[in-house]
Amino acid sequence: MVKRIYPSSQSLNMWEIYVQTSEFKALAHQISQRLILWFNKNGRDLPWRKTHNPYHILVSELMLQQTQVDRVIEYYQQFLNALPNFEAVAQAPESLLLKLWEGLGYYNRVRNLQKTARIILEKYNGTFPTQKEEILSLPGIGEYTAGAVMTFALNLREPIVDTNVNRILHRIFLYPTKNSENSTFTKILWLLSENLLPEENYWEFNQGIMDFGAIHCTGTKPHCFSCYLKEFCQYYQSLSLTRFFK
DNA sequence: CTCCAGTAGC
DNA sequence: GCTACTGGAG
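Residue numbers (this note's numbering): 874 to 1119.
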């Protein structure tokens, strides 16, 4: 039996109230600071983390949508060398796009990139839009990628929820409820992501929480015993209880 | 073999 | 709310 110290996983309403409390704010501060600390020590040095160029960030995020980091690294720089900006992508023949994308799969991603490039040039005069609604309307860009481009390229304070963030926040706040994909659950995760974002260093926080999921709070065999966040984590609490009663 | 990943489109 | 997309991991 796990003692629940957070609101019910069913009630978005309760969570909206809870995140306003000073109790949550203090907790959020601790969690975000620890994740940033962890990131500064353990975060990966990835090529797309050296840039704020919206085109570069978008290419990396589209590649990363269904493809693992190691594989994306092989393609990212080659792609940018061949097609260095939205203009080049907009004009490229489809055969070149497919050639550069060959091996990554999900070829609609690169077709969508070209559609987006053309919209950026024609509708936005070559400047990447900064309004979330505008960004979301671009083909191939959904909630996650919009948040990622906004925070990593445009330096806006925006939450992100990818599979890593989803898993981490589920374990900390919502476990042992099953991580089933209902819309209330998703809304709570976005609410948490938004309210965990620190006022400063949100770039590090967003990069850090994703790396933390990829490296530490992994899908299988998470490294709970050396975790910076275990004292806040419902999943860890249940683990230690299980061990105690074994 | 089954499961998983963001998005679009049904 | 469910499925296709496509390839890697378990």
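No lab work stands behind these hints, which were simulated from the structure alone. Be aware that one or more of the hints could be misleading.
[What the hints assert, rightly or not] Per label pair, the in silico range of CB-to-CB distance:
{"hint": "1", "residue 1": "Glu995", "residue 2": "Gln906", "range": "40 to 50 Å"}
{"hint": "2", "residue 1": "Leu971", "residue 2": "Pro1071", "range": "35 to 45 Å"}
{"hint": "3", "residue 1": "Arg1030", "residue 2": "Glu1104", "range": "49 to 59 Å"}
{"hint": "4", "residue 1": "Glu995", "residue 2": "Asn915", "range": "35 to 45 Å"}
Quick reminder that beta carbons are idealized off the backbone N, C-alpha and C, glycines included.
Each hint, compared with the structure:
no. : hint                            : result
1   : Glu995 <-> Gln906: 40 to 50 Å   : holds (44 Å)
2   : Leu971 <-> Pro1071: 35 to 45 Å  : holds (41 Å)
3   : Arg1030 <-> Glu1104: 49 to 59 Å : violated (27 Å)
4   : Glu995 <-> Asn915: 35 to 45 Å   : holds (43 Å)
Violated hint for the displayed structure: number 3, the only one.
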